[in-house]
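The sequence shown lines up with residues 1 to 1205 when you count with my numbering.
Worth flagging that the hints you see were computed from the coordinates, not collected in a lab. By construction, the Cβ of each residue, glycine as well, lies at the ideal position given by its N, Cα and C atoms. Honestly, I wouldn't trust all of these hints.
[Unchecked claim] Straight-line C-alpha distance at most 25 Å; calculated SDA-like pairs for lysine to any residue:
#1 750 to 505
#2 230 to 310
#3 205 to 280
#4 28 to 310
#5 750 to 778
#6 246 to 310
#7 312 to 206
#8 246 to 306
#9 247 to 233
#10 312 to 299
#11 246 to 275
#12 230 to 313
#13 205 to 190
#14 312 to 208
[Unchecked claim] Have a look at the derived ranges for each label pair, beta carbon to beta carbon:
#15 1019 to 629: 52 to 62 Å
#16 112 to 416: 36 to 46 Å
#17 165 to 1169: 28 to 38 Å
#18 246 to 616: 50 to 60 Å
#19 218 to 1169: 48 to 58 Å
#20 565 to 616: 29 to 39 Å
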Amino acid sequence: MKPTQFDLASAALEPGVTLLEASAGTGKTYTIAGLVLRLLLERRLLISELLVVTFTEAATAELRTRIRNLLVEAREAVQSGAVRESWLRRYAEAPAEARAAWFQQLQAALESFDAAPLFTLHGFCRRVLWDRAFETGAWFDLELAPDLTALLREATDAFWRRQFAESTEFEALVARVAEVNADTLYALLRLTSRALEVRVLDRAKGRTRANLVRELSDVFTQAKTLWDTKREEITRPFGSRGGWGKKPYNRDAEMTEHWRQLDRFFDSRGATASAASSLLTLAASTMWENQSRKSTQPVPAHPFFNLCDRWKQLVADYASALQAEFLSSVQSEIRHLRERDKTMGFDDLLTQLRAALRARGGDALAERIRQQYRAVLIDEFQDTDSVQFEIFKRIFGRGGDPLYLVGDPKQAIYSFRGADVFAYLQAQKLADCSRTLGENFRSEAPLVAAVNAVFQPPGTLRPFGLEAIQFHPVEARGAAESAPLTEEGRRRPSLPIWFWEPPEEMSNKGRQQEAVADAVASEIVRLLSEPSHLGDRRLRPGDVAVLVDTHAQAALVANSLRERRVPAVLHTQESVWQSVEAHELERVLTAIAEPGWEAGLRGALTTTLLGVDAGELDTVGTDDQTLERWRNAFAEHARQWEAMGFLAMFEGFLRTHGVRARLLAQAEGERQLTNLGHLAELLHAVAEQRRLGPHGLRAWLGERRVSDEPVTDEALLRLERDDEAVQLVTIHRSKGLEYPVVFCPFLLRKWAARGDEMPIFHDPDAAWALTLDLGTADQPAHFEQMAGERFAENLRLTYVALTRAKHRCYVVWGTLRGSEDAALGWLLHPASNRNEWRLPEVPVGIREFVKQLPAAQRHADLEALAHRARSESASLAVPPIEISTMPSAPTREWTGEAQPALPLSVREFRGDIQHEWSVTSFTGLTRGHRDEAPELDDGRSLSPAMTESSPDLLAEFRGARAGVCLHELFETVDFAVGETPLRPAVADILRAHGFSSEELAGPVTAMIRRTLNAPLPGGFALSAIARSERINELEFCLPLRRITPEALTRVWERHSLPGGATRQDFERLQFRPVEGFLRGFMDLVFRRDGRFWLVDWKSNWLGPTPDHYDRAHLAREMGREQYHWQYHLYLVALDAWLRQRVPGYRYDRDCGGVLYLFIRGVGADPARPELGIFHDRPSPDLLDDFRALLIPTPGETGRNLPNTT
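Model the full structure from these sequences, guided by the hints.
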């Protein structure tokens, strides 16, 4: 049945749910803007009462612009009577009184438009949670984190440690045989976390792991008995006597190895996962599956093989039970970690709002939100999921006011992001009315006719695989006709389909794709070189897009275009972390972190960034002077990093080694330089956020490069140029965009599951709930359902690809490798029985059908399609579809149009650079005295009293990298836990920083525990401080008056010096006069008995014995390193922060002072508890003087008191 068309000008603005299906190019965004205008004027709503929601920031920005522009146009219409859109004439020609009222409404809407409720979905949820925090129970102080992958990994590791820290060796063996470990569980969590709700089917059917382990132990005992008594009988029908079976059963050598493994397995001293896996090979069901079809011998039968089969089933049950237990319990661990880190993910906004709506009082909350918004429009609704749909259904689904659900199920292509087309299909059933937009404003009429023909193949009622998603032909409105694409003044068919039969020598899929890429590039050169025009102008490279499925395909086309001197730019979903430049930058960071390591240095020199030729590389290995020169260069980069930060060092690196000029001289130089700049920006952010130095940042980059984490928006490859260039775009990324000319050369996306996948599918027997099957007996059917859903999404991807073009869209088809799996085959090759197929049967059915089609029949089917399109659009001057052989691919170069030369000139800078105003830090203020300080690490060993049983290990555990590691340990660990649960966390962090966790975990854990248990001034230990009573890494940003070293020193002339300090300690402070902001991080602030304390962890090496950490040595170190200055500055910041945050706070009563804990000495001698501990509590008068000196009043700077985060 033909759907009812939606007419923007005349449609009734009725209450209730309207489902508005907007096919590609039918003006969806303009329709939403028009509905906003009509609702404002005709229902007399305020702009603040009209909620518009979409799914991305980019779409929100576009909607905001389009709505505002239409409101401006309508205001002009009612004011002057001038209209550009005919449907606005009713407002322009209305009586004067109505026009005056509308003008006031539109003027008010435009004046308050910046506050209009136009949100992303997550933005809407966040606004509700924050505005109604007491009703929703929203967390106030949590930071939204775009990427929670590190937290998911930590939660997985925590579960694994907790489950197997005290498990038996036998259960650990079973887990290895089942191939379940922290990595596989993390992959499972990643799979399920793409959606907010996943139903889990567990083959273990509720049986506990403990029960399964007991059953496995019983099977082991019975099998061992049989093996010990019947070994010769069991092994006889194998090897040269095993003609009944395939490999390995008929191979003597391989079966001998299995017998050896089983001997080890049943000997408790040699049980390994490899040995236990031999039981799986000898399972009766496994042998039946591998029976030779040619043999007449029966498959061996024996009670031992039946026990092996039982073992196989129980191992699978155990894996399923462990996975199900993990998925059900890991969420509590994730919540704990989010609370610890004070972070939440974007999806948490959705689940928290849904929980509030489900809870007692949820109906009242929904009613208050409904009262706030009297009309709602939700864009891109095909990208919804069950949680999002439930939120909108609970709030707006009761029919009191208009609710428009706008989308197109034919363009639902983002399942990998959690979008659920089945949730959209459920919403269809709840709509009070459904309408469609039936006019295409994007494409030329022949192209619209061609797409109509492709998606209405004869013999099928389900062009998109699902009965609920139908194709309704649209009519061309003619917007593209004003500037048609012509060649030598003539129009050509809009959908050219190239048919290609690869020759036998080109059966390899990679070579076929290279040939297709060359043909596409050559056609682009032809279009650009010959007189092809869009209206009255020449076709330009930027008018052309090539749509691809993968980054590798885009790279093939880019190479072909580069050979022909055609500029191209990539828009893909690939991550910059997987780029060659990331790999090379890791090598460079390795050399900067350890310039003395020759292998690491030589690795950096082999990169294209440095461009060292083979001759000099050889010289580095033979000539000490050359080697030393490069070592000094990288050591200088390390010093720059320490002094000025990563980004300043990186800029110096590029400049010193001429990296920019070298890369730009290469064919892919723009791409390489863009990636480098992108990586530098991301690494700078990580270094700042995590306070990482060279070792830490290099380790972080190495882990990120090899990680299989999902690509965040921040890591997507950026455009290397934005001028006139051919656009290479993934189909997913092209959605919502349009291009004059489009090439679709690789519509061959696969649907089959990989060998390591689990079926995740929508269960038609459970209201289409997203479901994960952990190995049930129904898993084969569920794999088919998953394949069917993928095939259906591939059909939708094909629709998206074919509807991006305004004038022409090229498609490649034929007998290419992979064509039998392509969704396009379902559309191009009608099958007589296709209406009998249901979704799970479609992929395999069409594969078998297309596979047996000869090339001649495939070509005939295309000709039939072209004929059908022509007959259904006989009024058109040009045929919609043209079938031709894929053209040859000459390497003719594009010369391009000459660009006018721009005169070059040098602009003279005449401004005044203010050197004094800056954002500085304690390190920046004290850097001037560092040359006088001795090396902190002098190479001497610690005494046995300090390192207990591992003096050599802790003696080596020092330097900047060890310091960063120790800081992170104290930030992370729970002070109150004992040493046993503390050790795994210590081992993890040591490993993350590149240290040997096996060797160091014990000594470092003991050192941390000594520090936490040490009695402190005030009569308590840090082990008594709960997580809720402490803040790690409290950042502050303190407004700073213009200060000088002399002004700071004069403060001490009015006060006594801190204990052990000398006046010379302060007189050594040297820096240029500075003003602006003082920024820093307090290692730890905690509260004990109502008093606040400031702690700074110090890992400085002062000497090999406990005596080196007594008060005299601490006083010298405090003075030498200017730590007295540091803690006075930090106390001023902490005092200002507490004044703002704690009602009634008074320094003299509520501050316990500062503790500098030199952790290598704390607790080194139980008889001397003062070792390693420096404590001071400056007088209130001294702090007042410092505050007056440092912090400007608001009247001086226009700024308020300090800011902390």
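Broken hints, numbered, in rising order? 4
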